[in-house]
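Using the UniProt record's numbering, you'd call the opening residue of the sequence shown number 1 and step up by one each time.
In short, the hints are calculated from the structure, not lab data.
Treat the hints with care, as some may be off.
[Stated by the list, open to error] Here are the simulated lysine-lysine pairs, DSS-like style, with alpha carbons at most 30 angstroms apart: (1) Lys364 to Lys348; (2) Lys62 to Lys230; (3) Lys319 to Lys363; (4) Lys62 to Lys319.
[As the list claims (entries may be wrong)] What follows is a set of in silico ranges between Cβ atoms, one per label pair, in the way DEER data are often shown: (5) Asp23 to Gln163: 21 to 27 angstroms; (6) Ser202 to Ala300: 17 to 23 angstroms; (7) Asp285 to Lys321: 31 to 37 angstroms; (8) Ala443 to Gln304: 19 to 25 angstroms; (9) Gln447 to Met358: 23 to 29 angstroms; (10) His63 to Leu113: 25 to 31 angstroms.
Source: prediction; values computed, not measured.
We put the CB at the ideal spot given by N, CA and C, even for glycine.
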Amino acid sequence: MSFTSFGSRIIPYDWFLALEQADNTTLFRDSAHMAALGFISAPADEYNPDGLPIGIVRDTDKHQGDYIGMTCAACHTGQVMVNGQRIQIDGGQALIDFSGFESALVAALSATLADTEKFARFYTRVHEAQSAGGIISTNSTTPSLTTQSLQVLLQERLTQLQQRLAINKTDVPYGYGRLDAFGQIFNAIAVEALNMPENIYSPNAPTSYPVLWDASHMDLVQWNASAPNKEPGPLFQNAITALAVYGTISIKKEHLTYSSSIRIHHLADIQNAFYQLTAPPWPQDIAGPLDAGKLAAGKALYDQHCVECHTHVDATDKKRKLNAVLTPVAEVGTDPLMASNFSQRKVKTGILEGERSMVLIGKKFAADAGSLELVKHAAMGALLNSPWQTLKAIVSEYQDNHSAAVPTVDSYKARSINGIWASSPYLHNGSVPTIYDLLLPAAQRPQQFYVGNIELDTQKVGSLSSAAPNTSLFDTRLPGNANTGHEYGTALSDEERWALVEYIKSL
Numbered sequence: 001m002s003f004t005s006f007g008s009r010i011i012p013y014d015w016f017l018a019l020e021q022a023d024n025t026t027l028f029r030d031s032a033h034m035a036a037l038g039f040i041s042a043p044a045d046e047y048n049p050d051g052l053p054i055g056i057v058r059d060t061d062k063h064q065g066d067y068i069g070m071t072c073a074a075c076h077t078g079q080v081m082v083n084g085q086r087i088q089i090d091g092g093q094a095l096i097d098f099s100g101f102e103s104a105l106v107a108a109l110s111a112t113l114a115d116t117e118k119f120a121r122f123y124t125r126v127h128e129a130q131s132a133g134g135i136i137s138t139n140s141t142t143p144s145l146t147t148q149s150l151q152v153l154l155q156e157r158l159t160q161l162q163q164r165l166a167i168n169k170t171d172v173p174y175g176y177g178r179l180d181a182f183g184q185i186f187n188a189i190a191v192e193a194l195n196m197p198e199n200i201y202s203p204n205a206p207t208s209y210p211v212l213w214d215a216s217h218m219d220l221v222q223w224n225a226s227a228p229n230k231e232p233g234p235l236f237q238n239a240i241t242a243l244a245v246y247g248t249i250s251i252k253k254e255h256l257t258y259s260s261s262i263r264i265h266h267l268a269d270i271q272n273a274f275y276q277l278t279a280p281p282w283p284q285d286i287a288g289p290l291d292a293g294k295l296a297a298g299k300a301l302y303d304q305h306c307v308e309c310h311t312h313v314d315a316t317d318k319k320r321k322l323n324a325v326l327t328p329v330a331e332v333g334t335d336p337l338m339a340s341n342f343s344q345r346k347v348k349t350g351i352l353e354g355e356r357s358m359v360l361i362g363k364k365f366a367a368d369a370g371s372l373e374l375v376k377h378a379a380m381g382a383l384l385n386s387p388w389q390t391l392k393a394i395v396s397e398y399q400d401n402h403s404a405a406v407p408t409v410d411s412y413k414a415r416s417i418n419g420i421w422a423s424s425p426y427l428h429n430g431s432v433p434t435i436y437d438l439l440l441p442a443a444q445r446p447q448q449f450y451v452g453n454i455e456l457d458t459q460k461v462g463s464l465s466s467a468a469p470n471t472s473l474f475d476t477r478l479p480g481n482a483n484t485g486h487e488y489g490t491a492l493s494d495e496e497r498w499a500l501v502e503y504i505k506s507l
């Protein structure tokens, strides 16, 4: 599923292949450049003929042409380096620099317009692609490409992307491995789709990309347990994600359905792939064997201090049903900003005032509503625009999932931590670099560290956190970045702490 599009459309596909980096003549899609942004290189094959990185995909539309976009694998494929050997973690936590990618892309497009020679090379490559059958226009299936028409189209798309960056501007840097997904989803609908700049909220509470193994078996998903996981919940969630990651939607007053770029038939395939994911085992062959004595002692400590929230999982049970454990933010003590932003954000409904919240059913929108309600409305309208595809997708991806009521107070979700060795840094906001650090009292945890290094610290369990090329500084003193809370088992002796770390490796 690494190259299955769900409808993300960033710039025309031929443009992406032709685009140079802003400050040199090397192509933007160059493997070294994309790797520097955290993307994982992949060889060319029948599913990825141009050798794009994992999660960077071609979205095809017979009316508007082919676009480059992202799919789930971009944010949910991890990698770790252990003693010089790279391990790819399917369904794992990516360490991509999402906002860095966006900024670099905008800079490259700006430089292409500003530099005559750079534009000439870009035009030549795009023209050659068009002559070979590519489609570069967003408005016509039979474009007549001239330097002037390409400049107009390029400026048009650049302006749109610059506006998106301005809408999602934040004083809290995301860095590698994080994104305020909900904040950007809310802005995509409440601001961009409704054309209401007064609804802008800064997406200032980035969280780590969660691992996907076992997620399809849980009753509730998302860091704040805000999404029930019984059908059609998963289809809704994935449709919303597609709209957030450069999907398109046309919301019109008094319309029962909305045209969009969502690839509904692909969402079922992606969700079915999620259902098959399992946690990666500790790589003893290259990381070294686990200590039997520490394992036994660590298991006893885990059963005493951890298992009440982080239950054991039988990965061999393909029909396993897992329950999230919800802890109010006030009790767990971790950074509250993500949860409070989600629950408290209200926006103007604009042209949707008077429309039903779930398009055909539900209460009518007043002048103001919660951001989530607008997002759900948009997703429902998009799915209803292709009712047969939606029904087939629900049937195709259906699993006998159970569900639970979403929390009524701001809470965070605890889940099984199998495979956690491959998903640092830790806590919902990625504010603690290693498992060992997480078992320390909050006051003793690192105040600053670097994120982006994929080299595994096999002792403390987490990625190496010293400064290195292609890393970003994480400062826990910034709003939304606090490393406080989750002070469970922090009174352990150092010997006990190391035993618990050893056992957690084995999960």
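Inset, instruction - Mind listing which of the numbered hints don't hold for this structure, in increasing order? - result: Numbers 2, 3, 4, 6 and 9 - these are the hints that the structure violates, sorted from lowest upward.
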